[in-house]
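Required output: the full structure, derived from the provided sequences and hints.
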Amino acid sequence: MAGAEFETPELSEHIEVPELVEGTMEHITCFVAKPEHQTDLGFPGEKVENWKEVAIDKMGDLLSRYRSFQVFMDACVKCGSCTDKCHYFLGTQDPKNMPVGRQDLLRKVYRRYFTFAGKYFPKLVGAVDLSEEIIDDWYSYFHQCSQCRRCSVFCPYGIDTAEISMAAREILDSIGVGQKYCNEIIGKVHKIGNNLGLPGPAILDTLEGLEEDVYEEDEVAVKYPLDVKGADILLVTPSADFFAEPHVDGLIGYGKVFHEAGVSWTLSTKASEAGNFGMFIGSYENMRRVSLRIREAALELGVKRIVFGECGHAWRIAYSFLNTLAGPFDFLDPDYPVPQHICEFTLNEIEKGTLEFDKSENDDMSITFHDSCNVARASRMGDTPGGQFEIPRKVIKAVVNNYHDMEWDTIHERTFCCGGGGGLLTDDLMEVRVKGAKPRMSAFKNVMEEKGVTHLAAICAICKSQFTKVLPYYGMDMFQVVSVHQLVSNAIVLNRKTPPEEAPGYGEDDDD
Amino acid sequence: MSSVYALLFIVATIVLVIGLTRKIVQYAKTPAPLKIPTTPAPVTQTGVVFRLFREVVLFESLFKSTKWTWIFSWMFHMGLFLVLLRHVRYFIDPVWLPIQLIQPFGKYAAFAMVAGLAGLLVRRIFVDRVRYISAPSDYLWLLILLTIGMSGAMMTFVIHTDVVAVKQFFIGFWTLSGGELPMDPILLIHLTLVAVLMILLPFSKLLHIPGVFFSPTRNQVDNPRERRHLVEWARKFEES
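Chains G and R supply the protein sequences, listed in that same order.
Residues 265 to 776 (the numbering used here) are what the first sequence spells out, left to right.
Residues 243 to 482 (the numbering used here) are what the second sequence spells out, left to right.
Please keep in mind that the hints were generated in silico from the structure rather than gathered at the bench.
Even glycine gets a Cβ: it sits at the ideal position worked out from N, Cα and C.
Any given hint could be a false lead.
As the list claims (entries may be wrong) - In silico DSS-like pairs for lysine-lysine, Cα to Cα no more than 27 Å straight-line:
#, chain 1, residue 1, chain 2, residue 2
1, G, K452, G, K733
2, G, K387, G, K372
3, G, K322, R, K478
4, G, K383, R, K271
5, G, K709, R, K306
6, G, K455, R, K306
7, G, K452, R, K478
8, G, K715, G, K623
9, G, K623, G, K568
10, G, K372, G, K322
11, R, K478, G, K534
12, G, K623, G, K661
13, R, K309, G, K322
14, R, K478, G, K372
15, G, K316, G, K455
16, G, K534, G, K455
As the list claims (entries may be wrong) - Some chain G residues well away from chain R (every beta-carbon gap over 12 Å; in silico):
#, residue
17, E269
18, E313
19, R329
20, C340
21, L565
22, E615
23, A662
24, V757
25, K761
26, P763
27, Y770
Set out below in C-alpha cells:
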C-alpha cells in the first residue's frame, strides 16, 4: 500500500544472488481500477460473479490465440536458469519474484485445467484449482513484473515472463480486476490523446514556452511546431517530454537537431503520446486503438516520415508492432524506415556532417548509458542486430568527452530494468520499484566509484521518471539522470541563424 | 511375457507418435500475432536457423546463464543423443556404417549421460531456488532417466544380456515376425522405463523438445519494419 514503510536494500559491489525468503512481497497490492477505468477499455466494471469460469475461459482463449503463451506454459523444465535473473527477485528475495516462480502462479492453474497430467495427477505436477488466493497472488505478483524480458535472454527455450504477465493481466481485466494505474491511463489516451491527459492548448502553451527558452539562451528561433499540416516529419514522443525533468531537455534537443538538419517537422495533438500501456495489460485491442491514433495523425497531417522520441516500451511497440497494428504505411516516404528512432535520425545527421558539436559543453559531466529493457531486448535500431546498443552510444560519444559503460553483465541485452517499467511506475508500488532498482543502482554506483561517472543517460521516459524517484532512496541525487538528447542539446552548435521576425513573440506588443 | 512387452511397446509408440503429433500440430496452428524475438535477433531466415541450431545443439542461452547447469544438461543431452544413435543398431540389420562408427562413443556416452543427470539432481536438491520450483514430477523424471541410463550401462559394461535376442525381438516386432525377449531383470527394468517415458512424454515437460522450435522469441526473424506481420484473428479488426 502507498506510503508503507520499507527498508531500502543495501547496494553491493557485484550481483549477489540472495537466499530465498518466502512471502516478503506478498503484501503488495496496487490500487484496483475503478468501474469507469474498466468499462472505458471494454472490461467488466467489477469482479464478475462467475469469475472462476470467466478466468479459465479467458485462459483458454489466450492459449488458442498466442503461440507464445501456449508453448511457454508447456516447455518449462524448471532448470532454474532464470531464477537469479530478475531484478525484483534480486531486490526482494521473494521466490515468487523469480521468473519461473512468477510463471508457475499461472502454470499451475494451466496444468490443472488444460493438461492431462494436471487433471488426473495434480499433486505430481504441482497443479492446483483456481481460488481466491490464487487470484490475489496473480494480482500481486503479476504487478511486480516490469515485462523487461531479461529472463527470456537466459531461458533455453526463450520463455518470456513478459508474455505470461501480459496474459495474466488480461485474464484479471476480463474478470473485472484491473489495475488502476494502467487502465486509467489507457482511458486518457483513448479520450484525450496522451497518458497525462494534457489537452491541445496546454501542449501548445508548453511548446511556445520552449521556443522562448531556447531563444533566450541561444538567440536562434528553434521551432517546436504542433499540428502543422504538410510537415515532412511527425514526431511522436512520450507526453512526459512536454513537462517533466529531464525529459523536456530531451525534447528541446530533438527540436535543435531537426532545426540544424533543416527538416520540417511537427508534433501532433492527436498523437501526443508515444507510450502505449495497452501492451502492459496484454490487450491487443487496446494497444491497436492507441496505435491507430498515430496512423490517423500521420494521414491528417500529410507527413512523409514518422520519428519516435526517447521512450522504451513505446519504441518496442513502434519498431516491432506498429506495422502490424496500424500499418501498412505505404503512404509514407519509402526511403525511410517506418518508424525511425530519434537516435537513428540524429546519428544519421551526425554521419552526414550536418551537425556541429562543442563537446566541452558537457565537460561538467561524466556519462554512462542505461540500456532500456524494451529497446535492448525487444527492438532494434539501424540495420544490424545490436544497433540498439551502438547507436545511442555513438550519439552520446559524439557529444560528450567523458563516457564509461557500466559492468558488462548489466548492459546491452543483459541490462537491468530501472525497476519502474511495465505499468509499475505508480506510487502505490514504490516498495517494488525501489527494491527492484537495486541491481541497476548497484552497477551505477560502482561505475561512479570506479570511473568517476556522474550522470546516467537514458532514452526512456519511464526509466527517467523512475530513476529520478529512486536515486535519492539510494543516497544519490535525482538530477543525476539525463536524457540522451539533453546531452545533444547542450553540445549542439546552432549554425542556422534565423531572421529576427521568426523570434518568439516578435511583433507582439510589449506590455512589460 | 515377451508378448506383454511387445504390446507395451506398441502402445508406447502409438501414444508417443500421436501425442507428440497433436502437440506439434497445436503449436504450429496457434498463431503468433506479434513479432517478439528476443533481440538482438537474426534479420534473415537463415540467421534464425543458425540461432535455433545454436540453441538446440549448444544450449546457447543456458550457457550465458549458469555454467554448472549448462555443463550438466549438455553432458546429459549429448550423451543421450549418442546413446540413442547407438541404439539404432538394435532395430536394423545390417547396421549402417555411421551407426557402426558411433559404437565406441555411444557406449561411453552413457557415463556422460548418467553423470549429467546426477549433477542435475544434486543441483535440484541443494540449490534453494531450484528446490523451490521443483514438483515431484521434476525429481521423478531425473530418477527415471537415471535408472534407464544406469541399467543400460550395466548391461553394456557389467552384466551382459543376450543382445542378439533383444535385437531379434525388436526386429521381429517391426517386421511382425515375432521373437523372444531374454527375461533379465535389468533389461526388463530398462525397457519398462523407456516405455513409460515414451508414453508420458507428450503429457509432460518433455514437451520442451518440440517447444523450443516453436518458441516465438527464438524462431522469429527481426524484420517488422520491413514486412508487415498479420495473423488471421487480428485481421478481423481491420475489417470492422
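Problem - Those earlier numbered hints the structure runs against, lowest number first - result: 6, 9, 13, 14, 15, 19, 20
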